[in-house]
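Trainee: Protein chains in written order, with the numbering used here: chain D, 225 to 412; chain B, 41 to 408.
It is possible that some hints are incorrect.
In silico PhoX-like pairs for lysine-lysine, Cα to Cα no more than 20 Å straight-line [said to hold, decoys possible]:
no. : chain 1 : residue 1 : chain 2 : residue 2
1   : B       : 332       : B       : 395
2   : D       : 390       : D       : 361
3   : B       : 267       : B       : 226
4   : B       : 395       : B       : 238
5   : D       : 236       : D       : 251
6   : B       : 381       : B       : 395
7   : B       : 196       : B       : 275
8   : B       : 332       : D       : 370
9   : D       : 251       : B       : 377
10  : B       : 267       : B       : 100
11  : D       : 371       : B       : 251
12  : D       : 244       : B       : 100
13  : D       : 341       : D       : 371
14  : B       : 238       : B       : 267
15  : B       : 275       : B       : 100
16  : B       : 267       : D       : 236
17  : D       : 341       : B       : 100
18  : B       : 275       : B       : 343
19  : B       : 375       : D       : 251
Beta-carbon label-pair distances, calculated as ranges [what the hints assert, rightly or not]:
no. : chain 1 : residue 1 : chain 2 : residue 2 : range
20  : D       : 293       : B       : 248       : 54 to 60 Å
21  : B       : 311       : D       : 232       : 57 to 63 Å
22  : B       : 277       : D       : 370       : 33 to 39 Å
23  : B       : 44        : D       : 241       : 31 to 37 Å
Read the hints as simulated data drawn from the structure, not as lab findings. Here a beta-carbon is modelled for each residue, glycine too, at the ideal position from N, C-alpha and C.
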Amino acid sequence: MKGDTNEQALLKGLAHNDSKAVELIYKENFNMIQSFILNNNGSYDEARDVFQEAMIALYEKSQTDSFVLTCQIKTYLYSVCRRLWLKRLQQMGRFTGSVDGFEETVAVEEDLETHEKRNAEFAIMDRALNSLGEPCKSLLQGYYLKKMDMNALAAEFGYTNADNAKNQKYKCLMRLKKLFFSQYNIGE
Amino acid sequence: MDDILLLDAIERYLNGEMSAEERAYFENLRNTTPEIDQMVVEHNMFLHQIADYSANIAIKQTLHEVHQNLLERGDLNEGGALSSKGKVIQFWNKYKRVTAIAASVGGVIALFISGLAMYFSTAVNDPKLEQLGKDLEVVKKNQQYQGNIINEVTSKIPMNARLLSGGSGFLVDVKGYIVTNAHILKGTGAIVVNSEGKEFKSAIVLIDHIKDLAILKINDDEYEPIKSIPYTIQKSNSSLGEEIFTLGYPRNEIVYGMGYLSAKTGFNGDSLSYQIQISANPGNSGGPVFNKNGEVIGVLSTKQAQADGVAFAVKSRNIHAIIEDLKNSDTAFQKVKLPSKSSLKGVERKLQINKLEDCVYFVKAYGK
Chain D
225 MKGDTNEQAL LKGLAHNDSK AVELIYKENF NMIQSFILNN NGSYDEARDV FQEAMIALYE
285 KSQTDSFVLT CQIKTYLYSV CRRLWLKRLQ QMGRFTGSVD GFEETVAVEE DLETHEKRNA
345 EFAIMDRALN SLGEPCKSLL QGYYLKKMDM NALAAEFGYT NADNAKNQKY KCLMRLKKLF
405 FSQYNIGE
Chain B
41 MDDILLLDAI ERYLNGEMSA EERAYFENLR NTTPEIDQMV VEHNMFLHQI ADYSANIAIK
101 QTLHEVHQNL LERGDLNEGG ALSSKGKVIQ FWNKYKRVTA IAASVGGVIA LFISGLAMYF
161 STAVNDPKLE QLGKDLEVVK KNQQYQGNII NEVTSKIPMN ARLLSGGSGF LVDVKGYIVT
221 NAHILKGTGA IVVNSEGKEF KSAIVLIDHI KDLAILKIND DEYEPIKSIP YTIQKSNSSL
281 GEEIFTLGYP RNEIVYGMGY LSAKTGFNGD SLSYQIQISA NPGNSGGPVF NKNGEVIGVL
341 STKQAQADGV AFAVKSRNIH AIIEDLKNSD TAFQKVKLPS KSSLKGVERK LQINKLEDCV
401 YFVKAYGK
């Protein structure tokens, strides 16, 4: 089954955030989703948002250890987008009762639930990071997000040595942790 | 301090940076002290949370880049007619030819309309001639100051016409439709100059003195349409305090300025415009006012003479209104379409300006 191995390779690429693979999946599937959204009361911007959201859901799914996709990428993306779009239409009060589009779908409710939970967690992290203030925010971003070396960070922020920067980083990290968990535990 | 040491130990432990002995010691500590064990578990979870967060940002970035790339290569289409599945590209190609024909027909008719507009505008402006005369004197003086520069650039202004006023304008349709202020267009015609200093002949296709907006259409063989306009024209109102910036031509070169939206109405409560805090100079008139996402929220039009930094911008929804007027004025303008997609959200300001400056023009009005 050549098609299958192809899709497996694409998913592997996606899991590693490989832009080639992302581009191939994107090219293969975006137009279908776009016309679905446009035909159902949506705009170009909304089509892009919904499609990218679905791509992220697939990306997250591909990160899990037990990941298996039991259907084609196309079917999965379409199902997620359809679900997402119906929900958005309902939230905006634009839902007209029926949605056109007769593609095959698979059940994605569970995945979307995890995806939404993830999004909520990211939002909490985002808020926590943003309320930290500078230079804490940039320092932590430099270390944990950009994976910069402690020496380089010390030089960039003007600390006299890497140890001082490291100390400061831990202080910031403790604050971030506190902020994050105070929100996170409320959310639970 | 102890907390920091402990945190450092936990992080090294989780990252596998400990030596075998240290590791054994730490694991023992973990076994005997439940608090430390709990901290390790918690920190491990937190580090995963950060890693996921960072991966989420990275994949979003990739998606954004891929989308832009595909769009530039024409593999995706976000404008033009609604398309059916899989046929987007063919559809677009077909559509392109039609637009080209429509644009050229539009050009001819635009010339005709501009002729009409010229004819009527002189008649309407008759009682205001005195006022205009004053302006002329001022402009004449300015002209003397700038004598050298003007001599350089008069090439596309008709031989016996004189430069009357200048301002800024910006593209609203890649086919060469430019929005500017009506009060700039004092004479009978205008030329526009892009950020590289290249001049194009243009015609005034619509002028609305109440809204103080006008539309020009570039009618020049040398004009090469850009692929797409990177901003949308906002329909809804913006909020107070929103960060804004503008690009315009208070001098012969494009100039950037930034400020914020300071009131939802303009001078004396004029609900067509906003009050904005920005340093504006004569020549900034007609220039676009962008929000931080690079979407057009208004057209810079006037400033308060007595107050410093207080300027007014015509709200962008009026652009939607005059485009509708334009479409209704003649079937040749049916195909005029405001940009539907903004691609500058979250982009660094320098890059935003880099993309935007191609769409902002220097407008020079001339008359006999």
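Trainee: Provide an ascending list of the numbers of those earlier hints which the structure does not satisfy.
Mentor: 3, 7, 8, 9, 10, 11, 13, 15, 16, 18 and 19
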